[in-house]
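In order, the protein sequence lines correspond to chains A and B.
Take 1 as the starting number for the first sequence in the working numbering and just add one per residue.
Take 1 as the starting number for the second sequence in the working numbering and just add one per residue.
Keep in mind that the hints were calculated from the coordinates and are not lab data.
There's no promise every hint is true.
Unchecked claim - Here are the simulated lysine-lysine pairs, BS3-like style, with alpha carbons at most 25 Å apart:
hint, chain 1, residue 1, chain 2, residue 2
1, A, Lys-300, A, Lys-352
2, A, Lys-54, B, Lys-234
3, B, Lys-165, B, Lys-203
4, A, Lys-36, B, Lys-203
5, B, Lys-203, A, Lys-54
6, B, Lys-262, A, Lys-54
7, B, Lys-181, B, Lys-203
Please read all numbers here as calculations on a predicted model, not as lab measurements.
Next come the chains, spelled out residue by residue.
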Amino acid sequence: MTLPAITAAIFLHPTMLFWASAAAVPIVIHLLSRRKHREVYWAAMQYLLAAVRKNSRRIQVEQWILLALRTAAIALAVLAVAQPGCDHSGLGPGGNDRTHKMLVVDSSFSMGYKPTDKSRFDRAKELAARIVDESNQGDGFTLLVLANPPRVVVGTPAFERRDFLEEIENLKLWHGGANLPATLAQAEEVLTRAARENPRLVRHEIYFLTDLGRNTWSAEGEGAAAAEFRQRTARLAREAQLLVLDLGQADSENTAVVDLQTTDPLTTVGHELTIEGTLRNFGHASRERQLVELFIDGHKTGQDYVDLPPGGQASVTFPYRFDAPGDHGIELRLASDLLPLDNHRWLAASTKDQLRVLCVTGNPDGRFHGSTDYLAVALAPNRKAPERSLVQPQVVPESALLEVELSNYDCVFLANVGQFTGSEAQAMASYLKHGGGIVCFLGDQVQADSYNRRLSGRSSDGSKVLPATIANLGPQGSYHFDPLNYQHPLLNVFRDQEQAGLITTPIARYFKLEVPPDSAAHVAMAFDNGDPAIVEEPIGRGRSILLATSADTSWSAMPLWPSFPPLVHELLSLAIRGKTAEQNIVVGQLLGDSFRGQAGQGSLSLRLPSGDAAQARVAADGEYTSWSFADTGQSGMYVAHLPPPYTRDELFAVNVDTSESDLARLDPAELRDSVWNGVDFVLRTDWQDLNAPSVDTVVRRQWLHIYLLTAVVALLLIESVLAMYFGRRAA
Amino acid sequence: METYQKYLNPQTLASLQGLELRARLIVEGYVSGVHRSPYHGFSIEFAEHREYVPGDDLRYVDWKVFGKTDKVYLKQYEEETNLVGYMLLDTSESMRYKSDAAALSKLEYAQCVAGSLAYLILQQQDSVGLVTFDNEVRALLRATSNPSHLKQILQVMEETVPERKTNTGPIFHDLAERLKKRGIVIILSDLFDDVNAMLAGLKHFRHRRHEVILFHVLDPAELDFPFDRVTLFKGLEQLPEVLADPRSLRKAYLEEFRAFQKQVRLGCRAQGIDYIEMRTDQPLDLALSSYLAHRMARSK
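Pulled out of the complex, with its shape left as it was, chain B reads as follows:
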């Protein structure tokens, strides 16, 4: 089981082909790392007993019944099916950026996170849907709890080509209207867009009583700006290029970038949105932990 944990590392994941494999290994790796499964017992309700057959997990043996009857019965749980998860994946051109320090591009990293979350949610018999977008919605898969839905989600993500600008504000407004059933909206994006418009879109989700988890996917280079030679920065999403000495600009750039992050973070806090910064060189269990924590809080 220990070996699964390595798949939480982006470096290791990058060597694997296939989003499904990546998603499964992430979840398995995550699960193997906790002593007590964090999702057992809260997502399903008790339904009936059944007789023990060899191979059953002894943790589900009802020892009270055994004490009374000397027969070994297992507790049977009833699935809770009222949770719907919507994963909104930013597939704009800026998401394909990958620095030398990162093993995965932001999009690849976000895909892994989305895939593993979808796998996890479906494992819990919850429903999950997927939306990919840039300056418009590129794909929209309705939420369903059918395990075979995972393949469809993964396929859509794998076929995504990041090549256009982002336009998050109108898209979020549009999706807030289109996602009728209340659920958890999981957004994976670098949010390189008009922040005010984007926050307005998020507010719309909240207005429609969706829970929102915002995974702010960022490359370590975007956070640290580690360049030390004169560099021609070629803008993605149709932005101009700049020739500059990065050392003389580092402080100013980081100030600008941190101001942007702060604005997003404060906007999210104001609307009760979970904001999680995700560096693409970090292990991926942060996404799963965040989701599960949020799920647990919601169940209470």
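Next comes chain A alone, as it looks inside the complex:
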């Protein structure tokens, strides 16, 4: 490290140190005054000589003392102006050496908390602009957004302040959470690149403008992720000065709508469903008679009042019946508070006249006991008036699988299908990829090799249809289901419903299923010997469910058991949930869908919650056209206008991740002792009042320069008193 670099590291304004030469001024003045003296002839010389003889030593000592005080006062004043201690202080320009200042603005939605007329995010932007304004000429700036996912707004040091300030001004609050580890990874990349490409920027400073939300700052992960987080932070601290500017407030109150759903995902016209919302009080004060309003397609359709105890939650339910098919937007509003973002929650519900389900059977023998017969009855029990049923099942033999257009069906049930061709596998894989649901029952005709080769993702084209591979056929026996404590949503309806008979269902035979390690598949239900009974996995935009046993009575009595109809309905609900889930995402997730056919244009028009229009990227994917939209930083309803020949609009609800609604803050001591333990950083909490004059000051830099200025004043006072005392003694 060169001397200038060391000086720059110690002093805020190292060039001011040149004024230290001014400390010689008192000595020069003293010498000049002796040179530029007046001359007088003096008669009473012998008395003056006697006085000099007796007092010269004292006078000399006094002069030295006064000179030392004056010199020290000037030297300390220069030191104060140079502002030492920059590495342990806080904010402000980093001396004359060019500095790379990386501004990391927390954009998690808790920054939308508005304790005054300005939100924390507004203050962060103001403070960021102020840091830029108060920086030295030649400093370079980069800008990152602490969000999930993190966003690099300006990745290479910008030197044009006006443009950079415009970027700051254009920052919009991200309605999602924040991913600190990922943001630090981005910050390290930006820092490394800036150091490599801009060697003139000899100093690096990273400013975190944040409310120190516990959700963000204590989420360093576990195990290897936590170690990586700590190592990365330590590397950053070595390469740059880390400054955390705390914009949060203690004891912030907040209420939020944390959940909104329909009790039945099968939303059809004319059937009453229940809309259920969950509201939570994250604060310490009780909230009573909080108004909750329900809006359907923008029209208020109901309201209720809830009491929210501190830390508690409450639910509201509204019955509703859709009169028309299509997508409907549901919004639940809670009385506004200082963080209004999470007081709304949206739900996009796709309503159809009927759900169309394709049942593909492997043994259509004409008798009732075929593989899909029980399924069809379970799906549409009202065989006398099938048009009034929620579900409209259509049974086809396995040979017709390629003849039907799968995209016309909401779900496909496979029952005891012996084997699949590559084309069939591809058709089903494509169907899943674009949001279809597949429920697969096995049976005695099933050729496990064909299943595993064609449907498990091992084929040459990588088509994956099933969540598990099929091992050997288990021995004949007496098995029962183990609901695994009803953990999986599929079995929620059976919780505390012993009489439904799920766990008493006798199973005689089944295929052993093997769930590949590291897959996203879940075992929803097992047999009492621990073997998987139902395995499900989201695949593409859809979901696939594999059952180890048959849908007919050859291997089990399940189709005859009272639990079968509800189980089939739950399987259907789960299978088509892929589509529903796709319409209801949280901020930051990719928005998208696909439709059969080729779009006539290269983009798809979207209407954002703000009312602005946007274009989604469209890509051809075989017979389908997929579109996606990544900029889902704002919560609310997104409307996709499908191109011709489709004339309908699709609704998508993007909601905040309410883990951010908990405004608990990380204690600064915890940050120092736990999260960033051993990392050299500066935490500043005195920037909340942006109207206060900049210290540069002030205040900044651990007040060292204030102490120095105090010492200067003290020295000047001492000098004055001593000079007066010496003068009085001499006069």
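Dock chain B against chain A, hints included.
Just chain B now, with coordinates in the frame of chain A:
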């Protein structure tokens, strides 16, 4: 008559040229300031009457005679001629010092005092003589009561050039021997010399039964030391120079100087010598008052 009083002010005197003029104006100024002339009636004795003629001062009319004879006679006084005044004027180099606050140098001031005293003494028909000295006697004018002697005294003083050291002790001893006729010795000096030797010289005067009046002529700067900037003090009378910050030395200097004054004052008191400190920024009537007071006391 009022206008004469301004000539007691050194500032005014400094604007006048000629020691004679200065001396006369000082005395006139002084006399005009008193209601009753302090020297009428004690320096001369009654001799005879003479008839009044117009223009005579009515104060000398003998009203008793007028009451008895209805004739106006004036009292005639006989001069007393037994007083001899010796003025010893220090003309050493230190006497030429003049600060910014003073209008006259110490020598000029002493010359004015000496001149006015000579004028006054001669007006009273007393005798006056003059001695100028530095490290030796430079001029010595014998005492006489001849009014024309004033011009000679003034001329000697005006021709004096102050350029040598003082050596008061031996000189006073020498003069004590040389001034035979007993009289009043009036010394005008800054006395910047060996104090003990000087006091010994004064004692010699007293031993010779002379009355001594010591006018200690000092510049206000020497008494107050008012300097506030670093100053190079160049010593007169061959003393070295000193560069000093006067503010840090003021107190010490004044202590030294006041000790010197005190020693002189105590020495004079011990020998019955009138010590009068004269600042050169003060009016000059102090000298005349002091002399006349001393003269009056002596006449009693």
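Status of the hints after comparison with the structure:
{"no.": "1", "hint": "A:Lys-300 <-> A:Lys-352", "result": "holds, 22 Å"}
{"no.": "2", "hint": "A:Lys-54 <-> B:Lys-234", "result": "holds, 19 Å"}
{"no.": "3", "hint": "B:Lys-165 <-> B:Lys-203", "result": "holds, 22 Å"}
{"no.": "4", "hint": "A:Lys-36 <-> B:Lys-203", "result": "violated, 47 Å"}
{"no.": "5", "hint": "B:Lys-203 <-> A:Lys-54", "result": "violated, 32 Å"}
{"no.": "6", "hint": "B:Lys-262 <-> A:Lys-54", "result": "holds, 20 Å"}
{"no.": "7", "hint": "B:Lys-181 <-> B:Lys-203", "result": "holds, 17 Å"}
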